[in-house]
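K.L.:
Chains as they are written, first to last, in our numbering: chain A, -15 to 256; chain B, -15 to 256; chain C, -15 to 256.
Read the hints as simulated data drawn from the structure, not as lab findings. Some clues are possibly wrong.
Which copy? The list can't say, so a pair holds if one copy fits it or any two copies do.
[Said to hold, decoys possible] SDA-like, lysine to any residue: derived pairs with alpha carbons at most 20 Å apart:
# : residue 1 : residue 2
1 : Lys186    : Phe121
2 : Lys119    : Ser5
3 : Lys119    : Val190
4 : Lys119    : Thr74
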Amino acid sequence: MIEHALADPALVQLAQPLQESAYDIVQNDTLLASSLWANVALAGLAILAFIYMGRDITGRARLIWVAVLLVPLVSISSYSSLLSGLTVDTIVMPEGHALAGQEVFSSWGRYLTWTLSTPAILVGLGLLAGTDFTKLFTAVTMDIGMCVTGLAAALIVESHLLRWVFYAISCAFFLAVVYVLLAEWPADAAAAGTSEIFGTLKLLTVVLWFGYPIVWFVGVEGVALVEDPAIVSWAYSALDIFAKYVFAFLLLNWVRNNLDVVNSNPSLLGSS
Amino acid sequence: MIEHALADPALVQLAQPLQESAYDIVQNDTLLASSLWANVALAGLAILAFIYMGRDITGRARLIWVAVLLVPLVSISSYSSLLSGLTVDTIVMPEGHALAGQEVFSSWGRYLTWTLSTPAILVGLGLLAGTDFTKLFTAVTMDIGMCVTGLAAALIVESHLLRWVFYAISCAFFLAVVYVLLAEWPADAAAAGTSEIFGTLKLLTVVLWFGYPIVWFVGVEGVALVEDPAIVSWAYSALDIFAKYVFAFLLLNWVRNNLDVVNSNPSLLGSS
Amino acid sequence: MIEHALADPALVQLAQPLQESAYDIVQNDTLLASSLWANVALAGLAILAFIYMGRDITGRARLIWVAVLLVPLVSISSYSSLLSGLTVDTIVMPEGHALAGQEVFSSWGRYLTWTLSTPAILVGLGLLAGTDFTKLFTAVTMDIGMCVTGLAAALIVESHLLRWVFYAISCAFFLAVVYVLLAEWPADAAAAGTSEIFGTLKLLTVVLWFGYPIVWFVGVEGVALVEDPAIVSWAYSALDIFAKYVFAFLLLNWVRNNLDVVNSNPSLLGSS
């Protein structure tokens, strides 16, 4: 009887996972794993470089330094967490999706940790522009809204329609962030004497941040034009490398070479 | 052998969910679903109206506008999330509960998102009263405590006693919020010249917010005097409509007609 | 047939949990349960005492009082939540761990709620030292990083290596907090005239906070030198008693006896 029961395929399915776990998928796919390890390594290098670059940063510029240093600190935690299996899962897509009924690899931890790292980017950028509390509060709350609703879009498994409703809500929050970056902060940056570097970083940020919803759209979680999770993961990872470490390096390097400009800026958020 | 195993009711139960999912419950109950769709629609209208109403709001009143705009933005995300099945579940009630051992529909996502929307309400109200940082910090932290412990009360499935312990803790946090609203902010509002509208909104908020713990108490998660989840859901939804969109409309409408009063207020949190 | 199926041990395992739940473990282990109840009782007493002690605290000292009052408020919620079974679990340890393959009791809710209570401690301490926004922002963000990555270390079940990677990241965040406490705030406290009490509380905090990673290291989640979850739980609980309630009592008692010193301090964060 016992032997028979164990030989029954339907019961064997109940006793063990149907497929390999998300952790195993990462372990068994070198390209996918490399997209995560590359960011662990680069975030680690960025942390060391930024700590070294910060040794002479004093005055209110120091708040910019701390905010920007948080970016690779969150990032190394985020990518280690994806590698550990804690924040990746296989998600069964709902009816209507291109891969309906199939298990799709989701690195949903990315959306969770962007909730912490992208506000740090905006705080650094807003302080550089010498903006006021209201505009920084607007940018940061809309950004958090963007990330949290993006996380919801990734996790919904019972309604294809509502995955896209959340995609649309997340994009609407994103446009509010873009509005602050393009229509409000440039004037503040001009008044603060930081226009040149702000213009570069603003452009870098807006262009690269548009990449994320595009990758989501074409990737396995969206319309699945690209079905290989390793390629989707590398696309996000490449965006992160430029939008996070390169961005942060350019910002910090300018700040430490222009301490007098930053520290003479009567920003509401500055402190000695 | 296989046929016999599949015919065995005990095994069939293992191979499929015991009951319909929380998502299916919403889909199959028009009254319940309408309590969620109504708020999606009204939150959407409120967002459009508030963006329109904000076009002329300048100065430090703009921070009030952003805070209040967050209320329907969080709300539309919250109700879409309930509809998607992501933040609803069926919870098996512990021994001692009126519905012990039964699966009860829980829209626990409400408590989670109130953690974000109710602080926005209090920030708007506190800025209107021209209060200081200490009192606003008190109101917001106690409010977050109220929502997080309310979420815990809803999610506990192994101890009936501790569901009510958390209900009591949540109510204690609520009373701290009520204390700030009734005993501290009226004097600040008088000094700021916003007493009339503050008095109205304070009353509206305190009366409606008392409704939430009452609904919890009588509803399926509490003593289960009301056992229909659709009625409980509509009670919460109706409270949300008045405590969120009507409240926010009254606040914003007064602010845009009294910009000079708000912008001449030397509030600690104001910014140009 | 049905009788045979139910008598089959393999099937019975499928139909019920393999072992007792984390909630049952707490219920059936008096020593473990007492480590939680002791803190519920002491946090409750601390709340009552602190509310009584705060009746005469005015001016900017009131912000210190609110921050410090949050510590036992979060703590009573945290320990009630552990007792309710909501934030405890049994975790199957990964290959390489001393208890690999075994179910280990984890009170992971501790790490989650420290994310809320330890920033409140640092806000109280930073305000006492009259520090500026930049340094307080640094201490609080590094502290939150410490708690969130500590939570990740506790929850990872698929990679032994990455449990320790997160342990190391969490310790690195901790060292950043220690740096602010030992190298930056003493000078601020000297300028604010609060050196004596700050020195005591700084020492108390640094020494006790080093205890937490040590307990993690030797406990069931680390190298498992100590395998009894009740002893590990009591170690954390004893640390909490001194690092939270005793710390908070000493801080509040000094503040209410030296209101003039605190309220004459031109701290950036103070408010009337």
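K.L.:
Would you mind marking each hint as holding or not holding in the structure?
P.N.:
Consistency of the hints with the structure:
| no. | hint | verdict |
| --- | --- | --- |
| 1 | Lys186 with Phe121 | within (18 Å within a copy, 24 Å between copies) |
| 2 | Lys119 with Ser5 | neither (43 Å within a copy, 42 Å between copies) |
| 3 | Lys119 with Val190 | within (17 Å within a copy, 30 Å between copies) |
| 4 | Lys119 with Thr74 | neither (38 Å within a copy, 41 Å between copies) |
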